[in-house]
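Student: Take a look at the letters that make up each chain.
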Amino acid sequence: MLQTAEPESKNKTKTPPHPKYLEAFRVMLQTRIFEDKLGALYRGGMIVGGVYLGRGQEAVSTACGLSLRKGDIFAPLIRDQAGRAAFGEPLLDPARTYLGSKMGPMRGRDGNIHRGRPQSGQLAMISHLGAMIPVVVGTLMAKRWRGEKDFVGMATIGEGGMQTGASHEGINIAAVEKVPFVLVATNNRFAYSTPNDRQFGCVDLIDRAAAYGYDGHTVDGTDLTACLEVIGNAVERARAGGAPQMVVANVLRLAGHGEHDDASYVPPEMRGESYARDSVKVAEELILEQELMTADEIRQLREEIAAEVNDAINTAQTDPSPRASEDDWRAMAQIDLVDQLS
Amino acid sequence: MLQTAEPESKNKTKTPPHPKYLEAFRVMLQTRIFEDKLGALYRGGMIVGGVYLGRGQEAVSTACGLSLRKGDIFAPLIRDQAGRAAFGEPLLDPARTYLGSKMGPMRGRDGNIHRGRPQSGQLAMISHLGAMIPVVVGTLMAKRWRGEKDFVGMATIGEGGMQTGASHEGINIAAVEKVPFVLVATNNRFAYSTPNDRQFGCVDLIDRAAAYGYDGHTVDGTDLTACLEVIGNAVERARAGGAPQMVVANVLRLAGHGEHDDASYVPPEMRGESYARDSVKVAEELILEQELMTADEIRQLREEIAAEVNDAINTAQTDPSPRASEDDWRAMAQIDLVDQLS
Amino acid sequence: MSITYLEAIREAQARLLREDDRVYIYGQDIAGKFGGAFKATKGLPEQFPGRVLNSPISEDAMVGTAIGAAIEGMRPIVEMQFADFSSIALNQILNNAGTMFYRTQIPCPITVRLPSGGTKGSGPFHSQSMEGLYAHYPGLVVVTPATVEDAYSMLIEAVAIDDPVIYCEHKYLYYHLKAEALPQENLPIGKARVVRPGRDLSIVTYSAMVHEALAVANEFSADGFEIEVVDLRSVKPLDTATVLASVARTGRLLCVGEAFPWGGVTAEVIARVTAEGFHLLDAAPQRVNAKDTPIPYHPNLWSEHRPNKASIAAKARQILSE
Amino acid sequence: MSITYLEAIREAQARLLREDDRVYIYGQDIAGKFGGAFKATKGLPEQFPGRVLNSPISEDAMVGTAIGAAIEGMRPIVEMQFADFSSIALNQILNNAGTMFYRTQIPCPITVRLPSGGTKGSGPFHSQSMEGLYAHYPGLVVVTPATVEDAYSMLIEAVAIDDPVIYCEHKYLYYHLKAEALPQENLPIGKARVVRPGRDLSIVTYSAMVHEALAVANEFSADGFEIEVVDLRSVKPLDTATVLASVARTGRLLCVGEAFPWGGVTAEVIARVTAEGFHLLDAAPQRVNAKDTPIPYHPNLWSEHRPNKASIAAKARQILSE
Ligand SMILES: Cc1ncc(C[n+]2csc(CCOP(=O)(O)OP(=O)(O)O)c2C)c(N)n1
Ligand SMILES: Cc1ncc(C[n+]2csc(CCOP(=O)(O)OP(=O)(O)O)c2C)c(N)n1
Ligand SMILES: [Mg+2]
Ligand SMILES: [Mg+2]
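Protein chains in written order, with numbering that gives the first Met the number 0: chain A, 0 to 341; chain B, 0 to 341; chain C, 0 to 321; chain D, 0 to 321.
Because the hints were derived from the structure by calculation, they are not lab data. C-beta atoms are modelled at their ideal positions from N, C-alpha and C, and glycine is treated no differently. It cannot be assumed that every hint is accurate.
[Said to hold, decoys possible] Residues on chain D that point at chain A, a partial pick, calculated with CB under 8 Å:
1. Ala60
2. Asn90
3. Tyr174
[Stated by the list, open to error] Below, a list of computed lysine-lysine pairs in the BS3-like style, where the Cα atoms sit at most 25 Å apart:
4. D:Lys119 with D:Lys177
5. D:Lys119 with B:Lys36
6. D:Lys308 with D:Lys119
7. C:Lys308 with C:Lys119
8. C:Lys177 with C:Lys308
9. D:Lys119 with B:Lys101
10. C:Lys177 with C:Lys38
11. A:Lys101 with C:Lys119
12. B:Lys177 with C:Lys177
13. A:Lys177 with D:Lys32
14. A:Lys177 with A:Lys13
15. C:Lys119 with A:Lys36
16. C:Lys190 with C:Lys41
17. C:Lys119 with C:Lys177
18. B:Lys36 with B:Lys101
19. B:Lys36 with B:Lys280
20. C:Lys119 with C:Lys190
21. C:Lys190 with C:Lys177
Kindly produce the complete structure, drawing on both the sequences and the hints.
Tutor: This is the structure in structure tokens:
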């Protein structure tokens, strides 16, 4: 449903700046509404564990998910609620995961952003940043061996995560294996509280593209059209058998690292920079300006989404919690290999 | 002595192409003679463990060692017999280490290329490639804190070692900490048996320089003058407070990975490439051609060095071996913290 | 005055920075006003400019730089954001720091702080207890303070030690423990402590589990059983003598640890006690560890995954009934 | 025909590649005519084009790609050049492969081959025995074949297993062991084997140390002591039942392992035996491990660092005299 929804409008006089623009806007709006709700639930003490939001990164992340299709591999990270949804994750998955339902994809065994459904191409990240990159590469090697065609794998990463050894090895090995891989790196100015100048020494992260033999692309992460175009284009180049692709998107994280964090380390003057714009607002303004939707239609859309979000949260809240007595406490797929510890 | 020896010659009519040219040539020649001897000893079953030679890399490595001075930090790697000697390591150190004397710097506890004297600025590498890079960075941070001036740290690495996560983290952190660091990466076409196309995806390793905010320099590693100039220049730029420096030297490894390896994986046509020239021979030819030394003087020099090498080997061979009963079997500096295992 | 475990760590670092100019602190998000994911360095960056530094997300290089600085005479403290991320630095810790003195006779006095152990809702990658991995390899001191006083004095001592120290601070204790004042003196690292005397059973444990064990001991006291609780304090070196002396008094041994159940501290303690004090034992020595799965995120699961009062009490009862 | 331990590994891989097109091998220098640092894949790249691939020097990514391929249904074998370098891949192994099934219910059938253990002149970074690190964490199978037959059949089985398997092959055994033929069938992974029956003492061991233990047992036989030798074969899962049955017969236990002495396999075995079979023991169970220092390079030192016939015999004598 998410993939097809496009509000009808009699007033729609212009064509959107990108064929997926309105579809993307819906995902962004849904993400914003859902994440606002998560934040509120967190402050209300209703969440198990932490909450990590993608505020400010909706355009980039949505473009990631919408540029992929079934059969592709997506390894989302911390700020990819939008990308996950765009790639097809039902809202119930994050709702259940955050609210500690035993019916979520991780069944209470893992939480928040660590959720995934590897069987559907959406990998379940481990926390160690960079570690998912080579995993994507491996899935693509396997697909190639199996003779699959026209597939792509994508991983997202932050500018901080780019400094891990795991990222380096993974980014390089994708180029060595010549797999159709796209890395979308979002420089949101901070890794937790650490600014760029304590994170890397290059002038711009895109200088890393040539270092690995990737095609490099930079994009204003607050501009949905640009994100859809640049990331979509990178995906299609990789799909067509080109070099691996690296996209660096520039934004400001418009939330704390997690909802426990007030982000007071962000210098106020940064808030005025163009990369600090709120991509959801920017998109909404463009939509109104170009008369792609009316204010009324947007309000209706918001209400529709809010209802969906509430449904998902309500379901998750009424789901049973996992119980220790019902868990099989088994880390092994093969039951005969479970170590019999006394 | 190594630092000052400059054979006198009545016939010397021209000035050498670099002030350190003849000094460097002596180091290269010594290295070649010493390493040939090591190879022979290895084949004779006289060596404890493996032997790893720097054949083909003498110019680069010598230039590394000669560009540094006392108070600098040097983290040599597998193919740096020449660089170690040029930085001041007495021949007895490798002789003793290879021959299993208990009087070598590692006293039998570690071998071959893993030797070092951290107290003199020559770090003792661990095997895990890339791991020494951040260690150099740390020494430089400490020197800066202590108020030392005009120092430089250098690490060497191969094109294979550049693909480790450890290298990446170390190279990046040097730029973040803005320390006077020089990385000399030698692309000798192979990492053990693995060629470049299975090692990295970029066009040229020097594309990594910009990725880390380093000044980048490429050098023909068979050309001693070029090596002395380029590496010397990089060291001086770092010393003067410039950005970290990355030098990529191109050569062919003219030996096996270790002496156990016949390097039959090297395609014969590669041997004809200009990067496959023997830098010692090239230097010798230039010296004769430019009449910096006569053939006779070079022969004399060879004999002088051969005597030094034999002395070192003889001493090492007559040294006592380590004995288990004399070892204190203590991994802790503090004796009170040794765990009392039964 | 009342001081938490976390504050003790901060105070120890403040004192170290104040009294020893070879000390600096390196880690992610520890600088500026932020002062660390857990605020263990809060206020220190301002007080000691240039000596509390943010690092990139590069655990391996963080420890690598500390090793280099230590070679040059510094006394670095490295803060891992979570113990779990030290897996990235494990090679530098085991193979570089741990082998340095043996190979070169140059000491490597680094202290690596690992915010360890489980807390509610933290999941598989923010809850690990890694002391067993580090203690297995030669060349390292591995400490596991269980009290505010130990958190303080063992950190001061760790930095003074000429060897690499893995300092496992328990996140659950950060706010849960309070003391009236910081200690003037304390047992040295390498000495275990009998935190509760008893005569019927020795529970040997460390870190957060000391408090679970004490709670169980108090419960059992009502039934007339006096359980002795030994806090190992450092798991390497391990104070076998104090453990043996306790087992000599009680004749019964239960080892409790929060780490995974295969190997690790509890197995090591039992192997030592049975090797050297076999005839002191009147019953089979037993262990309680975490379960043999990743650490689950949901509190309902987590609270059963880790050892808890119920599982410790059950094992204690079993041993006492033998 | 006579087949070495190394050839058995090569033959197992050849058969796996032949019979299962989900299998491929990934590692440093294993492709082309070269066939690996130890030649464990020699000839296979030509026989199975495109399925034996050279990787960059990126152990972490090597395992990462294997995990990805396994998710997509492949059965990757990763060759580490030396076990020691798997420290770089440890995070992927422990935290990604080891947690995958528990977290997602998707199996992660990768096999990581670790050329392990000491050989003459190999030094601190080419000699390690890392089974204890991997077995400590949940989610992994850790095997340690001691014979040519086990090297073969356990590798075949490892690749068939739906869980990640750490296959510790001992470098010292590569050329030292020979068998007449490859086995048609064998004990499954998870079962230990009594390799020499006895009645006076059980030596429980694994990998290369099985052969040292056997040599000691033969020596003692001349003096009238019959030592039973148990080869664990897999250290996780660990076959406690077979060990207990042996101790029930002999009443005495010595555990021998080549790894570092703190924790690890030998401590785990003793903790299990004393927990479940305390009353079977007539004497204190003992261990012989390597010394608590990095593994020295010089053969004079190395041969005393590892357990050897003399140190095993001395401990055996001590136990037998109790
Ligand atoms: C290897 C590793 N070290 C530390 C952490 C803890 N950590 C989680 S998110 C984060 C900051 C990430 O910054 P960045 O990559 O820029 O992504 P952003 O949060 O800005 O989207 C840190 C340090 C981690 N997850 N992995
Ligand atoms: C992390 C790690 N993995 C594997 C090895 C084993 N190894 C030692 S040298 C070598 C090849 C190194 O190639 P390169 O870096 O190009 O240096 P070169 O030998 O060509 O000088 C390998 C794979 C190692 N030392 N460290
Ligand atoms: Mg960021
Ligand atoms: Mg090379």
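Student: Need the list of violated hint numbers for this structure, in ascending order.
Tutor: Violated: hints 3, 12, 14, 16 and 20.
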